[in-house]
Amino acid sequence: MASAVAAKSGPIAHGEVPTFPVTIIIRRFDPEVDKEPRWVDYDLQMHGTDRVLDALHKIKWEIDGSLAFRRSCAHGVCGSDAMRINGKNRLACKTLLKDLDVSKPIYIEALKGLPLEKDLIVDMEPFFDSYRAVQPFLIASSKPKDGKERLQSAAQREIFDETTKCILCAACTSSCPVFWTDGQYFGPAAIVNAHRFIFDSRDEGAQVRMDILNDKEGVWRCRTTFNCTDACPRGIQVTKVIGEVKQAILRGKP
Amino acid sequence: MSVKTDEGEIIDGVHYHKHDVVIVGAGGAGMRAAIEAGPKASTAVISKLYPTRSHTGAAQGGMAAALANVEEDNWEWHTYDTVKGGDYLVDQDAAEILAKEAIHAVIDLENMGLPFNRTPEGRIDQRRFGGHTREHGKAPVRRACYAADRTGHMILQTLYQNCVKLGINFFNEFYVLDLLMVDVKGVKRPAGVVAYELATGDLHVFQGKSVIFATGGFGKIFKTTSNAHTLTGDGVGIIWRKGLPLEDMEFFQFHPTGLAGLGILLSEAARGEGAILRNADGERFMERYAPTIKDLAPRDIVARSMATEIREGRGAGPYKDYVYLDITHLEPAVIDAKLPDITEFARTYLGVEPYTEPVPVLPTAHYAMGGIPTNNNAEVLRNNTETVPGLYAAGECACVSVHGSNRLGTNSLLDINVFGKRAGNNAVAYAEKADWVPLPDDPTAGVRKILDHVRSGDGSERVGAIRKELQDAMDRNAQVFRTDESLREVGDLIKKLRARYRNVLIQDKGKRFNTDLLEAVELGFLLDLAEVLVYSARNRKESRGAHMREDYPKRDDKNLMVHTMAYLTGDPESAVASDHIKLEWKPVVVTNYPPTERKY
Numbered sequence: 001m002a003s004a005v006a007a008k009s010g011p012i013a014h015g016e017v018p019t020f021p022v023t024i025i026i027r028r029f030d031p032e033v034d035k036e037p038r039w040v041d042y043d044l045q046m047h048g049t050d051r052v053l054d055a056l057h058k059i060k061w062e063i064d065g066s067l068a069f070r071r072s073c074a075h076g077v078c079g080s081d082a083m084r085i086n087g088k089n090r091l092a093c094k095t096l097l098k099d100l101d102v103s104k105p106i107y108i109e110a111l112k113g114l115p116l117e118k119d120l121i122v123d124m125e126p127f128f129d130s131y132r133a134v135q136p137f138l139i140a141s142s143k144p145k146d147g148k149e150r151l152q153s154a155a156q157r158e159i160f161d162e163t164t165k166c167i168l169c170a171a172c173t174s175s176c177p178v179f180w181t182d183g184q185y186f187g188p189a190a191i192v193n194a195h196r197f198i199f200d201s202r203d204e205g206a207q208v209r210m211d212i213l214n215d216k217e218g219v220w221r222c223r224t225t226f227n228c229t230d231a232c233p234r235g236i237q238v239t240k241v242i243g244e245v246k247q248a249i250l251r252g253k254p
Numbered sequence: 255m256s257v258k259t260d261e262g263e264i265i266d267g268v269h270y271h272k273h274d275v276v277i278v279g280a281g282g283a284g285m286r287a288a289i290e291a292g293p294k295a296s297t298a299v300i301s302k303l304y305p306t307r308s309h310t311g312a313a314q315g316g317m318a319a320a321l322a323n324v325e326e327d328n329w330e331w332h333t334y335d336t337v338k339g340g341d342y343l344v345d346q347d348a349a350e351i352l353a354k355e356a357i358h359a360v361i362d363l364e365n366m367g368l369p370f371n372r373t374p375e376g377r378i379d380q381r382r383f384g385g386h387t388r389e390h391g392k393a394p395v396r397r398a399c400y401a402a403d404r405t406g407h408m409i410l411q412t413l414y415q416n417c418v419k420l421g422i423n424f425f426n427e428f429y430v431l432d433l434l435m436v437d438v439k440g441v442k443r444p445a446g447v448v449a450y451e452l453a454t455g456d457l458h459v460f461q462g463k464s465v466i467f468a469t470g471g472f473g474k475i476f477k478t479t480s481n482a483h484t485l486t487g488d489g490v491g492i493i494w495r496k497g498l499p500l501e502d503m504e505f506f507q508f509h510p511t512g513l514a515g516l517g518i519l520l521s522e523a524a525r526g527e528g529a530i531l532r533n534a535d536g537e538r539f540m541e542r543y544a545p546t547i548k549d550l551a552p553r554d555i556v557a558r559s560m561a562t563e564i565r566e567g568r569g570a571g572p573y574k575d576y577v578y579l580d581i582t583h584l585e586p587a588v589i590d591a592k593l594p595d596i597t598e599f600a601r602t603y604l605g606v607e608p609y610t611e612p613v614p615v616l617p618t619a620h621y622a623m624g625g626i627p628t629n630n631n632a633e634v635l636r637n638n639t640e641t642v643p644g645l646y647a648a649g650e651c652a653c654v655s656v657h658g659s660n661r662l663g664t665n666s667l668l669d670i671n672v673f674g675k676r677a678g679n680n681a682v683a684y685a686e687k688a689d690w691v692p693l694p695d696d697p698t699a700g701v702r703k704i705l706d707h708v709r710s711g712d713g714s715e716r717v718g719a720i721r722k723e724l725q726d727a728m729d730r731n732a733q734v735f736r737t738d739e740s741l742r743e744v745g746d747l748i749k750k751l752r753a754r755y756r757n758v759l760i761q762d763k764g765k766r767f768n769t770d771l772l773e774a775v776e777l778g779f780l781l782d783l784a785e786v787l788v789y790s791a792r793n794r795k796e797s798r799g800a801h802m803r804e805d806y807p808k809r810d811d812k813n814l815m816v817h818t819m820a821y822l823t824g825d826p827e828s829a830v831a832s833d834h835i836k837l838e839w840k841p842v843v844v845t846n847y848p849p850t851e852r853k854y
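Heads up: the protein sequence lines correspond to chains A and B, in order.
Heads up: the first sequence runs through residues 1 to 254, numbered per the working numbering.
Heads up: the second sequence runs through residues 255 to 854, numbered per the working numbering.
Isolated chain A (complex conformation) (with noise of 0.2 Å):
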């Protein structure tokens, strides 16, 4: 079994893939049902080449189809399958079994912090709440006049290229110890994308954010464990991108 979770290499052809046990347990709830959580076993063969979503689907597809869970592109782009996976926040379709410890049962539950709907559903509301209450959205008050772009350098779109990448997974936010104990907090994926906008050389509005973050339920609650970082599956240096947000409030500008 090991031998062939450990055959890490190439793609493996079709009709050769070989096979091994592994034990998922989730923690399941039906609202309509279950008055507390509950975990579930079930034992699956699995592939070398499958991720998480994989089992989860092999699950709802052959075992049981009330399992509920989100899932879109299903390769880490669209941010639907964030969920704690060994106690980390991971998307499901960006978690290859293989780089899991299988020798082991693989607990999977939903994210914390975030009202739980059903199974591996939480309530994303608040979440889109936050981000959309640091305005993010390019506000500028011209355009420019010949109908053109605006003109931007490579080295000012650096700035703020990593702050580009967030999918709005939820993964950050709902990882940070802050946002379990308070959930008027602003959040690291919002500071993200304000971060995105404060220091893009095009906007105008970075002191209407900025005023925003200065809130108590704002940066300032950040206590920099980095959580949000490791738990960014897009690689976005989280706590970073919020300590250049707290300098700029300091520095009263971007």
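By construction, these hints were calculated from the structure, which means they are not laboratory data.
Treat the numbers as computed from the prediction; the structure is a model and nothing was measured.
Treat each hint with caution, since some may be false.
[Said to hold, decoys possible] Stretch-level coverage of chain B by chain A, calculated; a stretch enters the list once three of its residues show a Cβ under 8 Å from a Cβ in chain A:
{"id": "1", "segment": "297-310"}
{"id": "2", "segment": "360-372"}
{"id": "3", "segment": "376-385"}
{"id": "4", "segment": "480-489"}
{"id": "5", "segment": "709-720"}
{"id": "6", "segment": "761-774"}
Just so it is clear, CB atoms sit at the ideal spot from N, CA and C, and this is done for glycine as well.
Place chain B on chain A using the hints.
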């Protein structure tokens, strides 16, 4: 569930909403339409996902526009390339609109905040892409405007950001399952749509003066696909079930470079930046198939060339069943700046390091050229010439046709912006002068019938099993190469699967977040669309663009330079496709480019 929208008036447990413009789908086309419609009319956008999950976000390489920022270019060359790329099945007046309005569409997005990559002068940078050339095919041209290899992500985010700015009214995770068509003085018009709310299981009726479908594609009829799990063609399927035509359904694009075995897309931008396709011998085989533009030939040609290499024993790997995409000669700094995401996909999913190793690739089902026929104003056609007043479609679900039988890379991000905007503007103009179409008696009856069928099933058929058989058979028989025999085989299987689908069983009988139920409903749409695709493909006895018939290997311009129009007629439950599908032809609009042999 605190959905940030009004709950609508509730009568007998059904929610009723009323908006001038109702938009179904919140990908690029739907949100581009909403940005036009929202400020001018009461607008609702209904999506089965959160808008930022839409598959526009997975598009990578770029958006074509003859800005001529880095070298000489003009929209006429772009028009020509689009027509030739589509193997002369493109409506040429539509292609001209696409190429002309491209320039403004890109500037519009930049002005909205899209962070394009920049030239040293600070202008929008551009790169090469398949089939885009200067001077009518002389050499590749830099026409694709891009933001690293996540251009679609940036477009989706920028459009959503602007919808937030405008306060657009979204209904997220609402599955539209029916279009209400009502006879008004002898003319069928849309009265609205009916949606199923995922969180609660409640039904919602959205009455609208105009309705826009922007529901995306249906790549999930195939097994190997770059498409999201949610791309099940619900919108196209709804239109089909209303007896409205579907155009050119046989033309489905197989993108050359999917990660082998997985189908995850590696952008053509890789080849635009200099990547090379190689067979097992390391040979740059595209030199034999497209001597002038080689690896930057259009996708249909590259996908077929790859499949031919594999068939003739020159595939790579232990089973000789894939070819390589080689970017090892590119500087890592260039790769990091211009192709960061796709290199990460190769590392994550195949464990291959693209800096130093070639990446195994295979064609993957990518894009439906066909769909809901529209005219150039995004108005839906009910036959070859007449429209359905008040009904619009844009994006992948629609067929204008700007893509003909094979879409060029970077023309789809363009399509959603140009025709999404047109749909939004025209839907508002229509709503301003139109009266309300009264709702039919019992407007949710159609949706209840679909849901009851799935919920009350006591059979033993599982959704996952039927879907897998469909997808496997479509890959085997209706992919890059097709014959009458292969299509008959998959057609016969679809007939059986449609019968088995009647006995489908679901396990989740609850109301909250019942994705089991919705997957079963989606499977119904997949089966319907696969059947139309295969039936249309069997009927087209020629090879054109993405539709390669080995038993009819030549293009037949004399008889078949025409669009297919498929209609659902008779008893939709009848077993044999010919008992409920009627096919007709629609002329192609030719302006400046008579068909010639397609060489690259």
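* Hint by hint, which ones does this structure get wrong, listed from lowest number up? -> Of the numbered hints, all hold.
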